[in-house]
Amino acid sequence: MKALAIISGANARLLSVGATLLFLACASMSAVAQDEATPQIEAEANDAAEPAYHLTTLHENLSFPWSLAVLPDNSLLVTERSGTLAHLAEDGELLSRFEPPIDDIWVDGQAGLFEVALSPNFRNNQHLFLSYACGTANANNTCLAKFTWNGETLSDGQVIFRALPAKRGSAHYGGRIAFMPDNTLLLTLGDGFDYREDAQRVSNHLGAVVRIEQDGRIPTDNPILTSRESKAEIFTYGHRNVQGIAWHPEQQRMFISEHGPRGGDEINRLRSGANYGWPLITAGVDYTGALITPYQQLPGLTDPEFNWTPSIAPAGLAIYYGNMFSEWHGDLLVPALAGKHVARLRFYRNEQAPAASPVAPSNGRSNSYNLQQEERLFTELNQRIRDIRVHPRTGALYLLTDSANGTLIKVTRN
Amino acid sequence: MKHTSHRLSYLLAFLPAVIIAGILGSVLQTQFNILAIGAIGPAIDLQTRLDTTWYDLLHFGPLFTAMVAVAFIVALPVAHLIVRIQRRQFIAWCAVAGAVSLWATFLIANHFAPMPTLIAATRTTVGTLFMTSSGLVGGFVYAVLSRHFRKRLIRKLRAQHHQRIQGNTTSAKPTKTDSERTS
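Read top to bottom, the protein sequences are chains D and U. Those letters in the first sequence? Residues 1 to 414, per this note's numbering, in order. Those letters in the second sequence? Residues 1001 to 1183, per this note's numbering, in order.
Just so you know, the hints here were simulated from the structure itself, not pulled from any lab data. Some hints could be false.
Each pair of labels, with its calculated beta carbon distance range [as the list claims (entries may be wrong)]:
(1) Ala166(D) to Thr1125(U): 12 to 22 Å
(2) Val1027(U) to His329(D): 47 to 57 Å
(3) Thr412(D) to Asp1045(U): 55 to 65 Å
(4) Asp1045(U) to Gly273(D): 22 to 32 Å
(5) Pro1042(U) to His248(D): 31 to 41 Å
(6) Val1027(U) to Gly273(D): 46 to 56 Å
(7) Pro219(D) to Val1027(U): 20 to 30 Å
(8) Pro1042(U) to Thr412(D): 49 to 59 Å
(9) Pro299(D) to Ala1039(U): 43 to 53 Å
(10) Val1126(U) to Arg393(D): 50 to 60 Å
(11) Leu1035(U) to Pro181(D): 36 to 46 Å
(12) Arg162(D) to Val1126(U): 29 to 39 Å
(13) Val1126(U) to Glu93(D): 54 to 64 Å
By construction, the Cβ of each residue, glycine as well, lies at the ideal position given by its N, Cα and C atoms.
Throw the hints in and build the complete structure from the sequences for me.
See the structure below:
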C-alpha cells in the first residue's frame, strides 16, 4: 500500500483497475495451465481395498515435462515443453539433455515441444516421432516430425505433417500420438481456442484427429468426408483439445480424452469419420459463464463415453494391460491437470443392451459398455499430472507432473 | 448547495448506466455466439434464442457488468475533466469515454487472461465494435441521467429556498429552521 501512496492518484486508480481486471479474468478460468511447485516426497498408499503402491521420484527439475517414451534398453526419453529432450537412465539419472533439430518450434503459453512416440518398428528402424507447435505468434499450428535415434541424439529429421491453417494464439494444439494395429499413426489436434467453430469444418485440421502413414502419406482407407475440400488426413473431427489417445486391444477401439471448457471434459470412442460435436454440443460452458451452445445433444453428433463436469483437465490417457497391477486390466487411466489426480475408469457391460445391435445408436455411443469412474489415484501428490505411461515390460507406471519444476515419478507395487 | 446536487446526481446516474451497459453487452454477446453456432449447425429458433439470452444474462451478465463498472469508474472522471476544460458536449464525451474504456478493458483482459480471448464475441472486429457500443450507450445514459437528476435536485433545492424566504418575510409565522438543511 505504501507503494501506491507514492504513485499519484490517477496512476493508482489505473493500477487498481488493472489488478481488478486481472482478478476478474483469472476468476473466470478454471483449467488453463498455471504452474505451482510443491516439495516432492516419497508417499505410500494405505488403501486396503485397492492395490498398495509405492511412489518414487526418479527425477526433478524438469521444465513442464509433457511426454515420456521407454526405450528398449529401459532408458527413458522425456520431452520438456520448453523445447528440450531429457534422456534418463532407468533409475532417473540424467544421461543427456538436448534440443531436437527442429527449425521452427514455437514455445509460448500452451505451445512448445509435446509428444515423443517410438515407431512400432523402433527396434528395427530406430524411428521416433515428435509433435510440437511450429511457427510464430501470428502463424502457428501443430507439426509432426520423424527422426532417427542413434542412442544419444536425433538425426534425419523430416516434417511429415503440418496442421493447417497457420493461426494466431498459443492454445489448444492437441499433440498426442498413437498407432493403430495396421501401423498407421494417429495425431490428436486442437481447435486453437479462438477458432472453435472450425472444429466442425473438415476443410481445415482444427479440432480433428488425423490419421497418416508413418512417412506422411494419406492412408487409402481414411474416411471420405462430405466436403469436396475436406482434408484427407482427417480421421475424426469436432474435438476441442485432445491430449490423450490410447488403443484398447480387447475392444479393438481407439479412445481419446479431451479438454472441455468449463466443464465438459470427455472420454470418446473413436470411429472413422465421426463428428464429436464440439462446439455444437458440450456439457460445459465458457470460462466467462456464458453458454457456448444451446445444445447438449444433436442427432448425428457423437456423445462422449464419459464426462467430467466440473472439469478435471485430462492431459493424457493410458489403457492398462501391464503385468504389475493386473487388477486394472482394461481400465482407463486419465491424468488430470486441474484435478491433480489420475482417474481410473472401468468398463461395465450394459446388461440392458442386446449383445450385437444391428442398428447403431443415433448418438454414436457404444451401447454395450458403460464407463464408470472407480477412483482418483495419487491425490496425495497434490500435483498437476500431465502424463501417465505404462512400462511395456514391467507394467510399472510413470507420471509426469506439470510444473516449471516438474518431476518424473515411478509407481510400483508394494 | 451547488456541489452536493452535482455529486449526488452523478453518483445516482452511475449504477443505472453500468447496469444498462451490462445488460446490453450480455445480450449482444449471446447474439454473436448464436450467430457462430448457427453458421455451423442447425438454425436457432426464437425460443432457444430467448432461453440462451436469458441464461447468459444470469451467468455472464454479472461478470460483464463488473467489467463495465471498473471501466466506467476510470473513464467517466476523465470525461468530466475534459468537459470542464472544453465546457461543451458532455453527453458525447461520456459516450466516447464509455466506449473507449470498454475497448481498453477487452484488450487488458485478453492480455492478462490465460486464454487468447476472454469474451468470444470479441474475437472479431465486428464483434468488438458491437460490444464496445454497449459502453457507448452506457456513457450516453450516464450523461443524460445525471443531467436529469441534477435538474430535479436543483428544482427541489430552489423550492426549499423559496419557502424559507417566504417564511422570513411573514413575521407572524415562525421560521422553519429544521426544514432548510441546505449546505
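Tested hints:
1. Ala166(D) to Thr1125(U): 12 to 22 Å: 20 Å, holds
2. Val1027(U) to His329(D): 47 to 57 Å: 53 Å, holds
3. Thr412(D) to Asp1045(U): 55 to 65 Å: Because 57 Å falls inside the window, the suggested range holds.
4. Asp1045(U) to Gly273(D): 22 to 32 Å: 29 Å, holds
5. Pro1042(U) to His248(D): 31 to 41 Å: 33 Å, holds
6. Val1027(U) to Gly273(D): 46 to 56 Å: Violated - the Cβ-Cβ distance for Val1027(U) and Gly273(D), about 38 Å, lies outside 46 to 56 Å.
7. Pro219(D) to Val1027(U): 20 to 30 Å: 48 Å, violated
8. Pro1042(U) to Thr412(D): 49 to 59 Å: 52 Å, holds
9. Pro299(D) to Ala1039(U): 43 to 53 Å: The hinted range 43 to 53 Å is violated for Pro299(D) and Ala1039(U), with Cβ atoms some 19 Å apart.
10. Val1126(U) to Arg393(D): 50 to 60 Å: With a Cβ separation near 58 Å, Val1126(U) and Arg393(D) satisfy 50 to 60 Å, so the hint holds.
11. Leu1035(U) to Pro181(D): 36 to 46 Å: 43 Å, holds
12. Arg162(D) to Val1126(U): 29 to 39 Å: Once the Cβ atoms are compared, 30 Å apart, the range 29 to 39 Å for Val1126(U) and Arg162(D) holds.
13. Val1126(U) to Glu93(D): 54 to 64 Å: Cβ of Val1126(U) to Cβ of Glu93(D): about 57 Å, so the range 54 to 64 Å holds.
Going through the hint list in order, the structure does not satisfy hints 6, 7, 9.
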